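Student: Chains as they are written, first to last, in my numbering: chain A, 1 to 418; chain B, 1 to 222.
For the record, the hints were derived by calculation from the structure and aren't laboratory data. Worth double-checking, as some hints may not be accurate.
Now the stretches of chain B that chain A is said to cover, found in silico as 3 or more residues with beta-carbon under 8 angstroms [unchecked claim]: (1) 90–104; (2) 107–120; (3) 167–174.
Fair warning: this is a prediction, and the values are worked out from it, not measured in the lab. For glycine and all other residues, C-beta sits at the position ideal for the given N, C-alpha and C.
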Amino acid sequence: MFSALNYRIGFFLAVRQIRRSSIWTNTLIVSVMILTFLNLVVVSGILVGLIQGAVDAVRLHYTSDIIISTPTSKSSIENSPAVIAALAADPRIDSYSSRYLEGATVEAGYKEQHKDNEKPNIASAGVSGINPQTEDRVTGLSTYLVEGSYLLPTDYDQVLVGAYLLKKYLPIDSPGFSTLEGVAPGTKIRLTLNGVQREVTVKGIIKSKIDEINMRIFMTDSQLRSLAGRSTYNVNEIAVKLKPGVDPNAVRDALIGQGLSRVAKVQTYADAEPKFIKDMIATFALLGNMISSIGLVVASITIFIVIFINAITRRKFIGILKGIGISGEAIEISYILQSFFYAITGSIIGLIIVYAVLQPLIAAHPINFPFSDGILVAPLSSTFLRMSLLIVATIFAGYIPARMIVRKNTLDSILGRN
Amino acid sequence: MIETKNLKRSFKNGEAETLVLKGVDLRVETGEFVAIMGRSGAGKSTLMYQISLLDEPTSGEIKIDDVDTHLMSPEEKTQFRLQKLGYVFQDYALIPELTALENVVLPLLMRGMGKKEAYLLAAESLEKVGLRDHIKQLPSQLSGGEQQRASIARAIAHKPDILFADEPTANLDNESSKTVMSLFLELHKEGQTIVMVTHEEQYGRMAEKIIRIDDGQIIGIE
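Chain A with its partners taken away, still in its complex shape (with noise of 0.2 angstroms):
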């Protein structure tokens, strides 16, 4: 059967009839391998991308790699200046940002004159007391300002705005949620906190991928704590970035050993992710892996196609091969390994425009959905898995046609009879 002769022969073909066939030809199948392996590869990935985008926004723009959060039963972190002097000591930390939590309701236009059936100008917001300067160097809070500019810590009685507090950045009117008209850096508004009321001036509006961050008031923590009338440094929530390298689940795991989950849940960026957006990363790498599939048929009915016609045009050779005693194995040997070259030329060349082009230029301009800033998610293993799927099933399609041409009579294949 395919014994090592048979290999010879058609190794022997394959490699001449790749060489002097019409480098259009050549061009043209290894293209259609390059856009298959493109299709298997990079639609799922941008899918699981899209998600992980979300992901690693969150990440990077609240959680950072570890969240310390206030535990259910409770309020605040207890005793958190001891919890923060642990994260101090731990030299894989790099740094952290302590928030203060609180509800509050904004207002604008107040002194304005309202008729009798008009609809104030207020929102519901979470806000959030930080210092600047450590929000800044954990998330990057500044990066994200889009109008104004950044708060200082000496910064007294003014406010970050997040954008989906204002009409302007979220146009959406429903019976449940309402937001801001009218406000830009400079306006002033009043915030109503446990009772308290406080007219602060807007110094800047933030907007990012994350819901949470967008739906905030940021001040700074003193005039949080004052305003809420804390008398406690306990905070609500730290968020701990660690050195580059660094395993965030050994950094978590040394902090529950050192007693810190008696008084606050202590997650990984991972752990705190919600259970939807696990269910959202497997749901679109399943639509994900059911496009490939489709792509992986077409690109097999394609090849199919290819090799078909190539025999069927080179029947009259393929019987003169046969009468001249060339078995008919190393003829199909001769259009597997054709196959296996347009499929492995096509993946290698898809793997290179893969990994040195695609994936670090989306990864240095992320394509911009509205909700994350979508990568390409495209792990070696599942490529090598799918460029195996393509070449196998690649083969398959060149293998077929090059059987049911090498199977037909030999007189009448030399001689181009049906």
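Please arrange chain B on chain A, whose structure you already have, making use of the hints.
Tutor: Below, chain B alone, put in the same frame as chain A:
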């Protein structure tokens, strides 16, 4: 030696069946140069395709060197053709992607010959037909006569027991036809058995024996 008994070949076209060979009894001795001649449609090529094992007869027997070929599977026939037979086709039948040398070397490699030995033998064979300076050229770069000589070189490189030639001069000019025929005569002198189909009387007459065929039957042997 080739021996056929009551060899028949028919072709079906829908319900209709046309009998092209009507029971041919033929004998070609080892070392003979035989020309099969007849008018167009007489069945001469069909007869050659049967005895050269390129086609399956409808009935009858073919013995080549006392081997009953009708008992062979298609794979065994391919192997038999490779080992024992050589072919020269009317339209040269060279593989377009292979150079003259590669066309000749291919069947030798298929016989399991080492690469060096095969290439040496192929080059010798091409030299014998006067194509030493054209061994690296593709068929498309050769003239018709040169292509036919390359085809002969491929057919004789492995020193076949029988050389079959189907209208080898039909597509050639006079000069090239004479060159091809003189090659055949030279091979015959060396003891090569040759079976040639031709409709050209002047070349048929160069053979040692002429088998005339008409309407699927042998009508005379000269």
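Student: All hints are to be evaluated individually against the structure, with a verdict given for each.
Tutor: Hint check results:
1. 90–104: holds (count 6)
2. 107–120: n = 5 at 8 angstroms, threshold three: holds.
3. 167–174: violated (count 0)
Of the numbered hints given earlier, the model fails hint 3 alone.
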